[in-house]
Every structure is written in structure tokens, then in C-alpha cells.
Amino acid sequence: MNSTSLILPKNARQLFIQGPAGLLDVLELSPKEAVRGVALIIHPDPKGGGTYTNKIVQTIAKVMNAKGYICYCPNLRGVGQSDGEHDFGNGEVDDGLAIYDYLRKLYPELPFTLAGFSFGSAVVSNVAAKREHQQLLLVGPAVTRYNVVVPDPSKTFIVHGKDDEVIPLDAVYLWAGKYDMPVSVFINTGHFFHGKLVQLQNYLSRILVV
Numbered sequence: 001m002n003s004t005s006l007i008l009p010k011n012a013r014q015l016f017i018q019g020p021a022g023l024l025d026v027l028e029l030s031p032k033e034a035v036r037g038v039a040l041i042i043h044p045d046p047k048g049g050g051t052y053t054n055k056i057v058q059t060i061a062k063v064m065n066a067k068g069y070i071c072y073c074p075n076l077r078g079v080g081q082s083d084g085e086h087d088f089g090n091g092e093v094d095d096g097l098a099i100y101d102y103l104r105k106l107y108p109e110l111p112f113t114l115a116g117f118s119f120g121s122a123v124v125s126n127v128a129a130k131r132e133h134q135q136l137l138l139v140g141p142a143v144t145r146y147n148v149v150v151p152d153p154s155k156t157f158i159v160h161g162k163d164d165e166v167i168p169l170d171a172v173y174l175w176a177g178k179y180d181m182p183v184s185v186f187i188n189t190g191h192f193f194h195g196k197l198v199q200l201q202n203y204l205s206r207i208l209v210v
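Going by the working numbering, the letters in the sequence shown line up with residues 1 to 210, in that order.
Think of the hints as simulated: they come from the structure by calculation, not from any bench. Keep in mind that the hints are not guaranteed to be accurate.
Stated by the list, open to error - Computed cross-link-like contacts, BS3-like style, restricted to lysine-lysine with a CA-CA straight-line distance of at most 30 Å:
id : residue 1 : residue 2
1  : K62       : K10
2  : K162      : K62
3  : K32       : K105
4  : K162      : K10
5  : K155      : K196
6  : K32       : K55
7  : K105      : K178
8  : K47       : K178
9  : K178      : K162
10 : K32       : K67
11 : K55       : K162
12 : K155      : K32
13 : K55       : K155
14 : K62       : K196
15 : K32       : K162
16 : K155      : K178
17 : K32       : K10
18 : K10       : K55
19 : K47       : K10
20 : K67       : K105
Unchecked claim - Distance ranges between label pairs, derived from CB positions:
id : residue 1 : residue 2 : range
21 : D83       : D180      : 13 to 23 Å
22 : A34       : T144      : 34 to 44 Å
23 : Q199      : A34       : 22 to 32 Å
24 : R104      : L23       : 17 to 27 Å
25 : D163      : L8        : 13 to 23 Å
26 : K32       : Y203      : 29 to 39 Å
27 : T144      : S184      : 17 to 27 Å
28 : I187      : D87       : 28 to 38 Å
29 : R36       : Q14       : 17 to 27 Å
30 : G22       : K105      : 14 to 24 Å
31 : E33       : N90       : 34 to 44 Å
32 : D83       : N188      : 32 to 42 Å
33 : R36       : R131      : 11 to 21 Å
We treat Cβ as the ideally placed atom computed from N, Cα and C, and that holds for glycine.
Use the sequences and the hints to build the structure in full.
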């Protein structure tokens, strides 16, 4: 567990949820209006510095907050102040399931959006395969490195950068073809959507349902 302090935005609070490997450090981001739904958003690979403060994670949270969703962005095992050690996506799915189940008890009647970026897409897609959800958002899915699944194509959105230098777009096309799924492609940007975060936010605001 890393004990470094965190400066939180005004709509945020840090909480700790019990997971299978110990306590999980979770960032809760509340909407300005009444809560209409819940979003669980998973960070990219911690081996590359991925945490819940990642810009794409926070961009997704801004979109969902604006739609009235309360957002939960966990640091999975071994990340930030979370207990445990990185497990290359295996134990992290169990972390995601534990957080989902905790949140479902808090919000039994509300719709859930599940989202992840890169490594987080693999984790959250496997959570979605085992739990009910309104929609699933996969940004830059790490299909060449992890097991990314699509449990229900009718509820799933895939977004990728045309010039992705980490996960080639052709590999995503091949993977998505197995599910007969479209891929939304952002031109002139790579894996981290540098220079395109505003466009990404605007696009997600249009496609994600309430």
C-alpha cells in the first residue's frame, strides 16, 4: 500500500472497500444533481503508471457525472493505497466484482455503467460478463495483452485511436469482428488520446445512454 496523500476535487471523496486481497482505495465522484445511476470505471495498466487519476478515467467520470451518475474509480490491488499485489488482470477481476457487489447493495435499483481504459477494459469486461449492467464502455481495449470479452454487443461501445502505438487498431478490428461489433475510431491520435480528450468527452456524452 502506498501512503502518499491525494488532493481531491470538490465533488470527490476517498473511501476504502473490502476486496479479496485487502482494502481497495476507491475514488467516489458525485454528480451535482440527484443520483440517477452508477458508473464503475477501471484504470489502465499500473505497470505503466495507471491509477484512478488517469486522464481518460477522469474524462469518462466527467461524462457520467454530467448525466447524473455517481462514479466509482478504484485503484485495484497494489495500486495507490490499495492492499495486495498486481496480478496481471486475474485477481483484479475479483477486485472489480467485489466493488460491484458492494455498490449494488448501496444502489439496488439504479442502472450500472461499466467502463475501462486499456488494461481496465479487460478487467471491467470480465466483470460485465458476470454482473448485470446497462452499458459497457471499452476505450483502447488491450486485446493483444489481456482477455477482453463482450458479453452483450448490444450494450457495448468500443473506442480506439487510429494511431494506437500500444494496441494496434488492426488487432482491435480482428477482435471486434468476432462479436460483429463496430469500433469508433479517433483519427490523429494514439493509445492515450493525447490532444483529443475534449473530443472524446463530447463523443462519449453523445453515445452513452442515461
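Now the hints, each set against the structure:
no.	hint	verdict
1	K62 x K10	holds, 13 Å
2	K162 x K62	holds, 24 Å
3	K32 x K105	holds, 22 Å
4	K162 x K10	violated, 35 Å
5	K155 x K196	holds, 24 Å
6	K32 x K55	holds, 20 Å
7	K105 x K178	violated, 34 Å
8	K47 x K178	holds, 29 Å
9	K178 x K162	holds, 20 Å
10	K32 x K67	holds, 10 Å
11	K55 x K162	holds, 19 Å
12	K155 x K32	holds, 26 Å
13	K55 x K155	holds, 24 Å
14	K62 x K196	holds, 15 Å
15	K32 x K162	violated, 34 Å
16	K155 x K178	holds, 16 Å
17	K32 x K10	holds, 11 Å
18	K10 x K55	holds, 17 Å
19	K47 x K10	holds, 29 Å
20	K67 x K105	holds, 21 Å
21	D83 x D180: 13 to 23 Å	violated, 40 Å
22	A34 x T144: 34 to 44 Å	holds, 41 Å
23	Q199 x A34: 22 to 32 Å	holds, 29 Å
24	R104 x L23: 17 to 27 Å	holds, 19 Å
25	D163 x L8: 13 to 23 Å	violated, 33 Å
26	K32 x Y203: 29 to 39 Å	violated, 22 Å
27	T144 x S184: 17 to 27 Å	holds, 19 Å
28	I187 x D87: 28 to 38 Å	holds, 35 Å
29	R36 x Q14: 17 to 27 Å	holds, 23 Å
30	G22 x K105: 14 to 24 Å	holds, 20 Å
31	E33 x N90: 34 to 44 Å	holds, 38 Å
32	D83 x N188: 32 to 42 Å	holds, 40 Å
33	R36 x R131: 11 to 21 Å	holds, 19 Å
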